[in-house]
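Student: Those protein sequence lines, which keep their order, are chains W and S.
Using this note's numbering, the first residue of the first sequence is number 1328, and each one after it goes up by one.
Using this note's numbering, the first residue of the second sequence is number 11, and each one after it goes up by one.
Hints in this document: simulated from the structure, not taken from any laboratory.
Glycine included, every Cβ here is placed at the ideal spot set by N, Cα and C.
Keep in mind that the hints are not guaranteed to be accurate.
Sample of chain S residues lacking proximity to chain W, with all beta carbon distances greater than 12 angstroms (derived) [to be verified]:
(1) T98
(2) N121
(3) Q129
If we take Cβ atoms under 10 angstroms as the criterion, some of the chain W residues that face chain S in the derived model are [as the list claims (entries may be wrong)]:
(4) G1347
(5) N1375
(6) P1379
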Amino acid sequence: MKYLLVFITFGYLISSGWAGNDLLIKERIEKLDAINKAALKSLDVDQNENIPEVSLKAHVIAHQDANKTVTIDALELDELKLKKDDGSIITQRAQIKEKKVNIGDDSSNKKMEKKK
Amino acid sequence: MKHHYFKISISYFALCSLALIMLIPSSAWAGRKKLMSVRSAKLIAKRGLVESVYGVKLRREDKVIDVVNGIFQATAESKTKGRLMGTTEDEIVYDKEKDIAKVSVSITLENVSALTGIQFPDPSLKITRVGFATSTPESSAPLKAIRVAEIDAYTQLAEEILGFDLESKSKVENYILTSDVIKSKLVAAIFMAELVNYGWEGDDKDAYVTLKINTDTISQILGQGIVSDGIVQVTGYGATVDDYVAPKFVQAPKPTGKKANNEEMQEPKVNQGGVIEKSLDVLPK
Chain W
1328 MKYLLVFITF GYLISSGWAG NDLLIKERIE KLDAINKAAL KSLDVDQNEN IPEVSLKAHV
1388 IAHQDANKTV TIDALELDEL KLKKDDGSII TQRAQIKEKK VNIGDDSSNK KMEKKK
Chain S
11 MKHHYFKISI SYFALCSLAL IMLIPSSAWA GRKKLMSVRS AKLIAKRGLV ESVYGVKLRR
71 EDKVIDVVNG IFQATAESKT KGRLMGTTED EIVYDKEKDI AKVSVSITLE NVSALTGIQF
131 PDPSLKITRV GFATSTPESS APLKAIRVAE IDAYTQLAEE ILGFDLESKS KVENYILTSD
191 VIKSKLVAAI FMAELVNYGW EGDDKDAYVT LKINTDTISQ ILGQGIVSDG IVQVTGYGAT
251 VDDYVAPKFV QAPKPTGKKA NNEEMQEPKV NQGGVIEKSL DVLPK
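When you get a sec, could you build the whole thing from the sequences and use the hints?
Tutor: Shown next, in the form of structure tokens:
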């Protein structure tokens, strides 16, 4: 019985040593969030209380460096919709941006903050 | 006292018999296990060569349903097909204890030219790929993770070189982010990826695979420019176990115009679906 317990404990320790996908998923979410923010920045969109709704559809070529800074290398806009606080909607289509826009790790972690 | 020793002897005999029963079949199967694992590792390594030489078709879809709370769904698929000739098995290693085989195979660019018709500046260079395999289910987790890392690296290369479709929608109400959805979709095929490094990192045992592509060579082969120039190198990761628990999606309450510190809004309440609505301490500090 004692040996069985030792065997089970050892097996558990080995299996619990394997890493899970939780951290990898968090990193992927952060990367996609940073790419999205950088894409909006490259289109000069600044979401705030005057533009409460933003929707974007685009083909993006982007990369992330070792410091987790995301760079948009190219962006082909399919559709950008901005809904303003007065209810009006601005739509942009078929725009190609080739300028490089960087967005750092800090900004990728910042969520919408309350402006005072 | 004699009776006590007799009982211990019986127990010892039973334990030894059990150990023998467990040992005999495993030693009898060891040879076949080795052959199966080595054969599988050879095929996996050669699949890597086919993916490098002929290319790999990729499909990846990520959906971040709630960026703030980290609700995420993702799928990735790969597919390849091709005929190989003139490959060399550089190294075959078998770990009998874990029943894990490792095989390195390579092909010269001269042979790739013969197969594909593509001409390379230095045909003496070779592409090397490594395959791991086991026929023991208990040893398979880290090997599955390394394939996940390989596919992750392929898709990252495709995202950086060819790009992907991004779709996002975010909504702010009364200075509060009430909805934030990001979707990415990649459908691409890439080839000439070279293996740089692979392994399992630190104590947490995440598998990693580093791949690189020389986009200048690809541009020359395709006869058209590529946005990324020079060497593009990425590292993909794979996990050994699924410990991700998706947080429950709780729709942000519709603003009522009342201030956030209003007691009525802070009161936790349970709706019909059994979801407890209360303030969550999830925002980054």
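Student: Take the hints in turn and mark each one as holding or not.
Tutor: Hint check:
No Cβ of chain W comes within 12 angstroms of the Cβ of S/T98; the nearest lies about 33 angstroms off, and the non-interface call holds. Every beta carbon of chain W lies more than 12 angstroms from that of S/N121, the smallest distance being close to 32 angstroms; the non-interface claim holds. With a closest Cβ-Cβ approach of about 27 angstroms to chain W, S/Q129 is found to remain outside the 12 angstroms limit, as its non-interface label requires. With its C-beta approaching chain S no nearer than about 3 angstroms, W/G1347 sits inside the 10 angstroms limit, and its interface hint holds.
Taking 10 angstroms as the C-beta cut-off, the interface hint given for W/N1375 holds, the closest approach to chain S being about 8 angstroms. Given hint, W/P1379 at the interface with chain S, holds; its Cβ is 4 angstroms from that chain's nearest Cβ, closer than 10 angstroms.
Violated hints: none; the structure is consistent with every hint.
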